[in-house]
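Trainee: Following the hints, put chain V in place on chain G, whose structure we already have.
There are 2 protein chains.
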Amino acid sequence: MDNFKFHAYTEMLFGKGQISNLPEVLKRHGKNVLLAYGGGSIKKNGIYDNIQELLKDFNIVELSGIEPNPRIETVRRGVELCKEHNVDVILAVGGGSTIDCAKVVGAAYYYDGDAWDIVANPAKIDKVLPIVTILTLAATGSEMNKNAVISKMDTNEKLGTASWNMIPQTSILDPEYLYTLPAIQTAAGCADIMSHIIENYFKKTTDAFVQDKFAEGLLQACIKYCPIALKDPKNYEARANMMWASSMALNGLTGSGKAGAWTCHPIEHELSAYYDITHGVGLAILTPRWMRYILSDATIDKFVDYAINVWDLEPKGDKFALANEAIDATEDFFKACGIPMTLSELGIDKTNFEAMAKSAVEHGALAYAYVALNEEDVYKILEMCL
Amino acid sequence: MDNFKFHAYTEMLFGKGQISNLPEVLKRHGKNVLLAYGGGSIKKNGIYDNIQELLKDFNIVELSGIEPNPRIETVRRGVELCKEHNVDVILAVGGGSTIDCAKVVGAAYYYDGDAWDIVANPAKIDKVLPIVTILTLAATGSEMNKNAVISKMDTNEKLGTASWNMIPQTSILDPEYLYTLPAIQTAAGCADIMSHIIENYFKKTTDAFVQDKFAEGLLQACIKYCPIALKDPKNYEARANMMWASSMALNGLTGSGKAGAWTCHPIEHELSAYYDITHGVGLAILTPRWMRYILSDATIDKFVDYAINVWDLEPKGDKFALANEAIDATEDFFKACGIPMTLSELGIDKTNFEAMAKSAVEHGALAYAYVALNEEDVYKILEMCL
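Residue numbers (full-length UniProt numbering), protein chains in the order written: chain G, 1 to 386; chain V, 1 to 386.
Excised from the complex, chain G in its bound form (with noise of 0.2 Å):
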């Protein structure tokens, strides 16, 4: 096992009608909040309107239409609220893309400089306005870590930035929330949390045995219910199981102790930064592919690993059979959660991908990956996904 440093400080108000805590929450950082949100839905389903009663004390600056990849324009713009309004906390009520944005507006509010800046070089990032999320999706896990992912759309960029400051003080997790979300965002955020797991699970460290019984437990929960949420949308403990596994796969509990970089992430940035795609269903249509290209001598016993701890599956002599049939359950498995697992479906050809495998080598370290990657790698296996 690496050395590493835990630190996954949120507090964590899971359950129904957590909500009524907030302004006890918020009243610990000051008065004045900015707003957080995104495309409307909290004012379809009623959060919206419990907020603005729940907080008639405080003073609110709202900073709404945070984009689904959430763009350095919104960020810029919401750093001029919080001088303009002397914020003192940022309530980010949303999926990750808008507590991502909340991360960096409350990092960019104490940097001196452009927020790209501090985008590009995580390091520039010293001092965070506090963060306080309620939940509205379980996918990114960004409620209790310290990552966010801004694109900048004029130079196709997607990149992630992290610091150990912007980790949210306090996030509301309310499984009810998640009752009235569209399927396809259910099963993209599931495949987003599991894709998170993956890319920890399968790492050149062999011995952090714990994390691995941590992220095969999680997976198995996203496979018990994510189908059963998007057939009962209002079966709490599908929701509440979902909800509490996105918290924990990306919160450092999979991850700690275990070196090298990721490899769908990395790629599906290249796709979201080229073409805007829902980050989850990216992962999705990556995954499977990525685990057919690196399947080989050396990777053969993780595989069976996650084949029979994960997906429950015989085992047998042949191990190649039994990944095979892994990397097919795996595949199979967002499709029947209506994914689509293709990019040709999503209109997407080969002209870009040159320079997104290019891209994505260089962001994404992938010369550390699990499985080594270059620029061909990516390309082909870019192309097997078409």
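Treat the hints loosely; a few may be bogus.
One copy or two, it doesn't matter: identical chains are merged, so the pair holds either way.
[To be verified] DSS-like mimics (lysine-lysine), calculated; alpha carbons at most 25 Å apart, straight line: (1) Lys-83 <-> Lys-335; (2) Lys-124 <-> Lys-44; (3) Lys-16 <-> Lys-234; (4) Lys-319 <-> Lys-302; (5) Lys-43 <-> Lys-224; (6) Lys-152 <-> Lys-27; (7) Lys-16 <-> Lys-5; (8) Lys-380 <-> Lys-335.
Just so you know, these hints were derived from the structure itself, not from any lab.
Mentor: Relative to the frame of chain G, chain V by itself:
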């Protein structure tokens, strides 16, 4: 899943040589340090000298001789030292006993009255001096949670107290510090970890799938690595996984969202309060007997999960046979780890069973346990342990 708050905010610095961060960590809180430790093993294994060397620029006052079941008199002594020397931060170096003692010293420092009050009534705990720990035993999980257990030998009381403010700010976990542990401490520590997980696993709440998968994975880690650590004390992989499992077992991951009281812990607290035995040994003796006592049609399905997912036993038609196989495996495992598995071996007879049963039911709220127990039940379980 029940509503819950999860807040495991300790900064965990895990791995070889992490102690080098100690000056930077302590400096955040101040210059005046109460160094709390137990019987002096840290002087033998070099940690004490290392600390002195690292903290040349700090003012250190020592609280030594903290007992394996830490006593209220020692807490009071610590509070006096803190007041006398204007202590800014408590550095607890040891296992759960030392850390528990440090927590209550830190809380009692700000309490206007006798320290026992805040043990008997956790609601009286408010502010707490910052606690930093260096863990030298994988067992109680105290390094990452809000709990502390303190004994008052004159009245045969051993009570747990808790406060969100008692959670350590930083814990340093170097698996190499476990290399020199006596075998019985490794084994008893493992029994303690497993008991924490088992107490949380066997609860009335049945829909906390994620938590239960974490529990199963952590139990598997204990079962895999404790025998390795006993055979090969300097096996880093085994020590690292055990050490990380100890923190994960009782930081909220396995218990959040699952209601109800624990069982074996309150009964064991009586054994320790009357006979000052090693906590983990008492738990190892009690756990399989308690399991046999509560096995019934109402609990059988959980035992089947336990048999298959934890002990990797083959499913079979006769559920009770399978459950008993798992309970046998539990008992045999502790025995194989070298733990004395009867109270008689510890020189304990029935003399105090009646008083202990009465007190366990009362202090442990055993009416709200997984299977409600009354005094007669506890008496019978204790008898099974003879």
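Trainee: Now, for every hint given, state plainly whether the structure supports it.
Mentor: Evaluation of the provided hints:
1. Lys-83 <-> Lys-335: neither (46 Å within a copy, 65 Å between copies)
2. Lys-124 <-> Lys-44: neither (38 Å within a copy, 44 Å between copies)
3. Lys-16 <-> Lys-234: within (13 Å within a copy, 47 Å between copies)
4. Lys-319 <-> Lys-302: within (10 Å within a copy, 32 Å between copies)
5. Lys-43 <-> Lys-224: neither (31 Å within a copy, 51 Å between copies)
6. Lys-152 <-> Lys-27: Neither, since 34 Å and 40 Å both go past 25 Å.
7. Lys-16 <-> Lys-5: Between. Shortest inter-copy distance 12 Å satisfies the 25 Å Cα cut-off; intra-copy 32 Å does not.
8. Lys-380 <-> Lys-335: within (22 Å within a copy, 55 Å between copies)
The structure is inconsistent with the numbered hints 1, 2, 5, 6, although it conforms to all the rest.
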